[in-house]
Amino acid sequence: MRALRTLGPIVVVLAVLLALIAAANPFFLEPAGFLAFLKRAAPLVILAAGQYFVIVSGEFDLSVGSLVTVQVVVAARLIDGDEAATWPVLALLVAIGLLIGLANGVITTALRVPSFITTLGMMLVLSGAVFLWTGGAPRGALSEAFRTFGRKDLGPVPWSVLILLAAGGAAIALMRSDFGRRLVAAGDNERAASLSGVRVNRTRTLAFVLSGLAAAVAGILLGGFAGVSAQVGQGLEFQAITAVVLGGVALGGGRGSVAAAMAGAFTLEALFTLLNLYGISGALEFAVQGVIIIAAVAAGAVRLPLRRTAHV
Amino acid sequence: MSDHADSAVARRAAAPEPAVPPPGGPAPEDGQRRARDGAGNGGGRRWAGIGPTQVIYLALLGVMAAGWVLVAIDGGDFLTLETVVGIQQRSAALGIVAVGQTLAILAGSLDLSVAYVISLTSLVAAEIMAGRDGGILPALAAALAVSALIGLVNGLVITRLQVHAFIATLGTALIVKGVLDHLYDGPAGRVPESFQRLGYDRLGPVPVSALLWAGVAAAAWFLLRRTRLGYRIYAVGGDAEVARLSGVRTGRVIVATHVLCSVCAGIAGLLLASRLGAGAPTVGTDGGYDLESIAAVVLGGTALAGGRGGVGGTVGGVLLLAVLDSVFNQLEVNAFAKDVVRGVVIVAAVAVYARRTSRRRSR
Amino acid sequence: MKRSITVLVAAVSAMLLAGCASDKPVTGGGATASAAPSASAASPATGEQSKFFVQADYDAQLAMRAQTAEGPEDKPWEQAIAPQMTDTATYKKDGPYHLCFSNAAVNNPWRQVGWKTMQAEVALHKEIAEFTALDAEGKDDKQISDIAELTGKDCDALIVSPNTTATLTPAVSGACPKLPVIVFDRGVETDCPVTFINPIGGYAFGADGAEFLVEKVPAGGKVLALRILPGVDVLETRWSAAKVTFDKSELDVVGVEFTDGDAAKTKSIVSDYIARHGKIDGVWMDAGATAVAAIEAFEDAGQPVPAIVGEDQQDFLQKWKDGNLTAVAPTYPTYQWRTPIIAALKILKGEEVPKTWKLPQPKITSENLDSYLQPDMPPLHYALCGCEDLPGFPGAWGGKEN
Amino acid sequence: MILRMRGIAKSFLGVRVLHGVDLDVAPGEVHAVVGENGAGKSTLMKIIAGVHAPDEGTMEIDGVPVSFGHPVQAQRAGVAIIYQEFNLLPERSVAENVFLGREPVRRGLVDRSAMEAATARLLAELGETSFGPRAPVRRLSVAQQQVVEIVKALSQDARIIVMDEPTAALAGHEVELLYALVARLRERGIAVLYISHRLREVFDLADRVTVLKDGALVRTAGTGDVDPGELVRLMVGRDLGTYFPPRGTGPGQVRLSVRGGGNAVLDGIDLDLRAGEILGVAGLQGSGRTELAKALFGAEPFTRGTMSPLRPASVRQAVAAGIGLVTEDRKAEGLALRQSVRDNALLVARSVRRRGRDAPGRDGAPGRAGGSGRDGVTGLLEAVRLQPPEPGREVRFLSGGNQQKVVLAKWMTVAPETLIFDEPTRGVDVGAKAAIHDLMRGLANDGMAIMMISSELPELIGMSDRVVVMRDGRLAGELPPGPSEEAVMRLAAGEATP
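Those protein sequence lines, which keep their order, are chains U, C, B and G.
Numbers 1 to 312, taken from the UniProt record's numbering, label the letters of the first sequence in order.
Numbers 1 to 363, taken from the UniProt record's numbering, label the letters of the second sequence in order.
Numbers 1 to 402, taken from the UniProt record's numbering, label the letters of the third sequence in order.
Numbers 1 to 498, taken from the UniProt record's numbering, label the letters of the fourth sequence in order.
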C-alpha cells in the first residue's frame with residue numbers, strides 16, 4: 001500500500017501490463033525471461049532516473065539521446081577493439097557525460113537560456129560533432145570487456161540488471177539525501193528555497209550533471225548490449241521524458257518521486273514489449289503509446305490535488 | 001517554458017486555498033523594486049530602439065555579408081539568382097510552420113506534432129487530388145480540415161484535460177505517426193501539374209512558395225496586430241491570470257492558437273505535396289519541422305514562455321537558418337558541421353536575448 | 001477520397017484498436033501465431049505481397065543473375081549486364097569538366113562508404129576540374145531545391161542519387177532538358193536521364209538470401225524474417241522476392257518483424273523469438289546492418305547460430321569467419337558509386353553508355369569469404385566498395401594504415 | 001447611495017473574518033475604510049470586487065441587488081478594484097492593457113487608433129502627461145502604472161473604484177499626484193473606496209470614513225466629525241483580554257548592531273539587537289520594515305554602513321552568521337508548498353552548514369545521513385506545537401498557523417542567534433497566534449535575539465521589549481516598553497515625533 005502511495009497509480013498500470021505480457025508469453029514468468037526484460041529496460045530506466053532530476057527541478061534535458069549516441073560512437077573509435085583501452089575509455093565516457101551535463105546546467109542557469117533550447121542546441125551540437133569526428137559513420141570496434149556490462153551475466157544475473165539496481169538505489173538514496181530535498185524544493189518554490197539558503201543555480205546544474213551521468217551509463221549499457229550503431233540514441237530523450245511524466249512527475253518541477261519515474265520507464269518498456277507481443281507492430285504501436293501517455297497524464301492532472309501526502 | 005508550467009501548476013494548487021491573495025500577492029518591497037526599476041530605466045529607454053526583431057535582422061545581414069565574403073574567397077558567387085531562389089524555396093515550408101508555431105508559443109504553449117501533421121496533410125491532399133485538377137479544391141479543404149481537427153484535439157487536451165502542452169502534442173504526434181505508419185508505406189497519391197506550379201513557379205526571383213509563406217506570415221502578423229484574438233494571445237502568454245481577471249477566456253485562446261498552428265502545418269504539407277508531386281509519410285519528420293520550427297521561433301526572439309515576440313522575428317529566424325544553410329551549401333560544408341553551427345547559433349542567440357531582457361525587466 | 005476518410009476514422013479510432021488488440025492471441029490461434037505481426041493473421045504467414053512487387057522486374061532480375069556482365073574482368077563497376085547502348089554525341093564537349101552531384105544523404109554507413117569512393121574516383125580524373133556536391137540530408141524538399149540550384153551552376157553533367165523515387169521525379173525531369181543527367185542507386189519515374197545506374201537490384205538480393213535458407217534449412221524449419229522498415233522501395237523489393245521464395249518452400253516463416261535498423265531492437269526481437277519458439281532454424285534480413293546483433297542474440301541464448309543472411313559489412317564477415325557460420329551475404333555493392341563519374345565522363349566525351357546500366361551484384365559465400373574479409377577495415381565498412389585501388393585507401397575509409 | 005451593503009459576513013476555514021458589516025457609499029464620495037491588519041478591510045473589498053462571495057448579507061448597486069461570481073461580473077456592474085500589485089501585462093502598451101479583454105473593434109478589427117485615442121483622452125483628463133498610450137507598461141514607474149490601472153477602471157465606466165493601500169508603494173511626491181487623481185475621480189461622480197492606514201491621507205481625501213475592527217463595523221462618520229486621535233482610538237481600542245506571555249528578564253549582550261545602514265530603500269539605520277529581547281518594528285506598509293528585515297538577512301543587502309558581526313552580502317552568509325528570517329509571505333517566500341512538513345522543516349539545515357555549531361541546533365535533523373531523522377523531526381514539530389505533528393503531510397494542506405509553525409521549525413534546526421519575524425501571525429487564527437507568541441518569547445528567554453515586524457499594534461506592543469517605528473525607509477524613532485497604540489500610530493503616520 002505504501003508503494004502505491006509513494007509511487008502512485010503507475011504501479012497499478014505496470015502490474016496490469018506485466019500480467020498481460022505473462023499471459024501471452026509464459027516464459028516471461030521464468031527468472032530468465034523476467035531478467036531479460038529487466039536487462040532490456042535497464043538503459044531507459046537509468047535515463048529516466050537522470051531525466052527525473054532535471055524535470056523535478058523544473059527543467060528539461062533533450063540532449064540525452066544524442067549523448068548516448070556520442071558515448072557509443074566515441075567508445076568504438078577510441079577502443080577500436082583494444083581490450084587494454086577499455087577502462088580508460090569508460091572513465092572518459094563518464095567524464096564526457098558529466099561535462100555535457102555541466103555545460104547544459106551552466107548555460108541554463110548562468111546564461112538563463114530556457115533549458116528546452118539549451119539542450120535542443122546541445123542535441124544538434126553533439127550529434128553533429130561526433131560524426132564530424134568519425135567521418136559520418138561509426139568506426140572502430142568495442143572491446144569484449146566493454147561489452148560485458150551490457151551483454152554478459154554475473155552468474156545468473158545480467159550485469160546491466162546489477163548496474164540498474166545500483167543506479168536505481170543510488171538515485172533513490174540521492175533523492176532522500178539533503179541534495180535531493182533541496183532539488184525538489186528549488187523546483188517547487190525557487191524563491192522560498194533561495195531564502196532558505198539553497199544555492200538554486202548550483203543545485204539545478206547538478207541535476208543536469210546527473211542526467212549527463214545517467215546518459216553515459218545508459219550509453220555504456222546500450223553499446224554493450226547491441227554493439228556499435230549510429231542511431232543507438234535516437235528518440236531516447238523523448239522516451240525518457242515520457243517515462244518520467246508517466247510516473248506522475250509534473251513538468252515544471254516540484255512534484256513526483258524518482259521511484260515513480262523509474263516505474264514509468266518500466267511501464268513504457270513493458271508497453272513496447274506488450275504491443276510487439278500482441279502483434280500491434282510498428283504502425284499502431286505509436287498510436288497506442290500516444291493515447292496512453294495523454295490519458296495517463298490527464299488522469300494525473302485530475303488526480304493530483306486529491307493527494308494529501310508528499311513523496312519521499 | 002518550465003516557469004510557464006510552474007505558474008500554471010502553482011495557480012491550480014493555490015485555487016483550493018482560502019483567502020486567495022490578489023494575483024501576485026501584495027508585497028510592498030515589490031512595489032519599491034519596480035519603482036526603482038522604472039526610475040533606473042534610462043538604459044532600457046536607450047535600448048528601446050532595438051528589439052530582438054531588429055537584432056535578428058542585423059544578425060541576418062551579418063551572416064549574409066560573412067557568407068558573401070567566405071563564398072567569394074572560396075571562388076564562388078554567393079548571391080546568384082539560383083541561390084536567392086534556393087534560399088526562399090528552402091525556407092518556405094519551414095517558414096510557414098514556424099509562423100504557426102509562433103502563435104502557439106506566444107500563447108505560452110508549443111506544438112510538437114506539426115511534423116506529422118505535415119506528412120499527413122501532404123498525403124491526404126495528394127490522394128484526393130490523384131492527379132486530377134478537379135481534385136484540388138476538395139483536397140485543399142480536406143487537408144486543412146484534417147490539420148484543423150488535430151489542432152483542435154491538441155488545444156482541448158491542453159485546456160480541458162490540463163495536460164502539459166509538451167506531452168499533449170507529443171502524444172498526438174505519436175497517434176498521427178501511428179496512423180501514418182498503419183495506412184501508408186511510402187509516397188502515395190499524385191498531384192496534378194497545375195498544382196505543382198505552386199511549388200515550382202516563380203515570378204522573377206520570387207517563387208510562388210515564398211509568396212505563400214509571405215501571405216501566411218502577413219496574415220499572422222495581421223491577426224496579432226489587428227484582431228482581438230491576437231491581443232489576447234499576447235495576454236494569455238504574458239500572464240494567464242491577468243488575462244482571466246480581465247475577462248479573457250484563456251482556454252478558447254489557447255485552443256484557437258493550436259488550431260491555427262496546425263492549419264499552418266497543413267498549409268506547409270500542401271506546399272510540400274506540390275513540391276514532391278505526391279504525398280510522403282516521412283516528409284515532415286525528415287525535415288525535422290517540429291524542433292526546427294521551435295528553434296526558428298526562439299531564434300527570432302519570441303520568448304519560449306510566451307507573451308513576448310512576434311511573427312517578424314520568426315521570419316527573420318527562418319531566413320537566418322536558410323541563409324546559413326545556403327552558405328554551407330556553397331562551401332559544401334558537410335551536414336554534421338552544419339548541425340554543430342546551428343546548435344551553437346540557436347543557444348547563443350537566446351542567451352543574448354536573455355541578457356537584454358533581464359537588463360530591461362524586473363523579474 | 002475514401003482513403004483519406006479512413007485516415008480520419010483511423011485517427012479517431014486508434015485508441016479503440018488498441019483496446020481490442022489484446023484479444024488477438026485468441027483469434028490468432030495458438031502461441032505461435034500470437035508472435036506473428038497482425039498482418040500475418042491472413043495466410044500465408046508472410047502476409048500479402050507488397051504493392052511494390054512487379055512480376056516482370058522480378059523475373060528480369062532473377063534472370064540477370066545468370067547472365068555474365070560485359071566489361072573489364074577486374075572492374076565490376078565498369079561492367080554492364082545486357083547493355084542497350086544509347087548515343088551521347090549530343091552531349092560531347094571538351095574538358096575540363098565541372099561535374100555536379102545531388103546526394104540524397106550520407107546518413108548511413110553504406111552511403112558513407114559510397115560517398116568516399118565516389119570522391120576518390122573523382123580524384124582519379126584530372127579532366128574533372130570541379131566537382132560540386134550538395135547533400136540533401138535525407139530531405140526530399142531540400143534535394144529538389146539542390147537539384148534546381150545545381151542546374152543553375154554551369155555544371156557539365158548532373159549526377160543524382162534520389163532520396164525517394166516518386167517524389168524526386170519532377171525535379172529530375174526538370175533538370176533533364178538543361179544538361180545530361182545520370183541517376184544511380186534509386187531510380188526515378190522518368191527515362192529522361194541519359195543513363196540509370198544500379199546493380200541488379202532488390203529482387204535478386206532478396207532471392208539470393210531466401211534461396212540460401214531454403215537450401216540449408218530442413219523442410220518445416222522455422223525462419224525469422226527481419227526487415228528494417230516498410231515503404232522503402234529498395235527494401236520492399238528485397239522482401240517481396242524473398243516472400244515469393246518462402247511461400248513456394250516448405251519453410252515455416254514464424255515471424256516478419258521490423259527492426260528500424262536498430263541493433264538493440266533487433267537483438268531484443270530475436271531473443272524473444274528464441275525464447276518463444278525454443279529454436280529458430282534460419283534468419284533472413286533485408287539488410288545486414290543488424291546481422292551481428294541477431295547473431296549475438298543466439299550466442300547470448302547459448303544456442304548455435306542458425307543459417308543466416310547478412311550483407312557485406314566487415315563486422316558480419318568477421319563473425320562469419322570466426323564462428324564458421326552457415327551464412328550468405330547478398331550485396332548491394334557500394335562500387336556503384338564509382339560508375340556515375342565514369343559514365344559522366346563517357347557521356348561528355350560522346351562515348352555511348354548503356355541506357356540502363358546494370359552492374360553485377362555478387363554474393364559472398366563461404367567459398368569466397370576470405371577474399372572479401374578485410375580485418376583492417378572498420379566494422380561497418382562494406383567489402384564491395386571496389387575502392388582498394390583508389391588513392392587514400394584504406395585511411396580515407398577509416399581503415400588502419402599499415 | 002450607489003453602493004449599499006447590509007450584514008455582510010464571511011468566514012475562511014471556520015475563522016470568521018467579517019461579522020455583519022454594513023456599508024453605504026454615495027456617488028462622488030471618497031469613502032475611507034480604515035482598520036488594523038486583520039480587521040477585515042481587504043476581505044470586504046474583495047467581496048465588493050467579486051473575488052469572494054459573502055456567506056451572508058446583501059449587496060446593492062444603484063438599488064439593484066447584485067451577487068458576483070467572478071471579478072468580471074463586478075467590472076460589468078461598474079466596480080473596479082486596484083490592488084497594490086497591479087494586474088498589468090508589462091510587455092504590452094498602456095492602451096492594450098487598458099482595453100484588455102474589451103478591445104474596441106471596427107468591422108471586426110481592433111480599432112487601435114480609437115483605443116489609443118480613448119486612452120490618451122482619459123490620461124489627459126487625469127492630467128497625466130508623463131507617458132502616452134503607446135508606452136510599454138514595463139517602462140512605467142509604480143505611480144504611472146497606478147494611473148494605468150485607474151484609466152483602465154475609468155474605461156470600464158467604473159462608478160465605484162476600490163483602492164487598496166494605494167500609497168503603500170508610492171514615493172512621497174507621487175502621493176501628491178494620487179491626491180490630484182482622486183480629486184478628479186470625485187469630480188466625475190465616481191465613488192472611491194479608499195483603504196489606508198495613513199490618517200493624514202484619510203483626512204486629506206475622504207468625505208467619510210468607516211472603521212473596521214476584528215471584522216466588525218465600529219463606526220462610520222464624516223471626516224469632519226472625528227479627529228485623528230479619536231479615529232486611532234476607534235481603530236485600536238479593544239477589549240483587553242488578549243493574553244501575551246510575560247516579558248523577559250531583560251536584554252543580554254548585543255547580538256546584532258547596525259550603524260548608518262542603507263540601500264536603495266533604507267537610509268541611516270542605526271540599530272542594536274540584544275540577546276533575550278524582542279524588538280518590535282512598527283511602521284506603515286511601504287515604510288521599509290520588510291526591507292529592513294531583508295537587509296539584515298542579506299536578501300536585499302545593505303549597500304552602506306556597517307554591521308556586526310558581519311554585513312551579510314547573501315542569505316547564506318547571514319544564515320551562517322546565525323541570522324534567520326521568518327518571511328512575511330509564507331506561500332511565496334517561506335515554504336515549498338507541495339513538499340512534506342519534514343522537507344520544509346529541514347530545508348535550511350540541509351542547505352547551510354553552520355560552522356562548529358551543527359549538532360545541537362540541528363536537533364536530530366538527518367543531514368548527510370538522509371531520512372533517518374524522523375524522530376528528531378517529530379520532536380522538533382512537537383517543540384513548535386504543530387497540530388498534528390505529521391512530518392509526511394504536504395504543507396499546502398496545513399492551516400496558516402501550522403504553516404507558520406513549520407517555517408519556525410525550519411529555522412530552529414540551525415539554532416540562529418538572531419531571528420527576524422515579519423508579520424509572524426498574519427492570517428493565523430487566534431489559537432495559533434498565542435502559540436506562536438509563546439514560542440517567540442520562549443526563544444527569547446533561551447537567549448535568542450528576536451526582531452518582530454507587525455502591523456497589529458496590540459501584538460507588537462504586547463510582545464515587544466522595545467518598539468522602533470519606521471517611516472520612509474528610516475527609523476522614525478524608538479518608544480519605551482509598552483507604548484500606547486496612539487503613540488505608535490502617530491509616529492508611524494508622521495503625525496508626531498517623539
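No lab work stands behind these hints, which were simulated from the structure alone.
Honestly, I wouldn't trust all of these hints.
[To be verified] Derived pair list, reagent style PhoX-like, types lysine-lysine, alpha-carbon separation capped at 25 Å:
#1 152/U with 279/B
#2 355/B with 152/U
#3 75/B with 279/B
#4 51/B with 93/B
#5 178/B with 349/B
#6 321/B with 153/B
Right, here's what the structure says about each hint:
1. 152/U with 279/B: Answer holds: residue 152/U to residue 279/B is near 21 Å, not above 25 Å.
2. 355/B with 152/U: The given pair, whose Cα atoms are some 53 Å apart, is violated under the 25 Å limit.
3. 75/B with 279/B: violated, 42 Å
4. 51/B with 93/B: Cα-Cα ~43 Å, so violated.
5. 178/B with 349/B: holds, 17 Å
6. 321/B with 153/B: violated, 49 Å
The structure fails hints 2, 3, 4, 6 (numbered hints given earlier, in ascending order).
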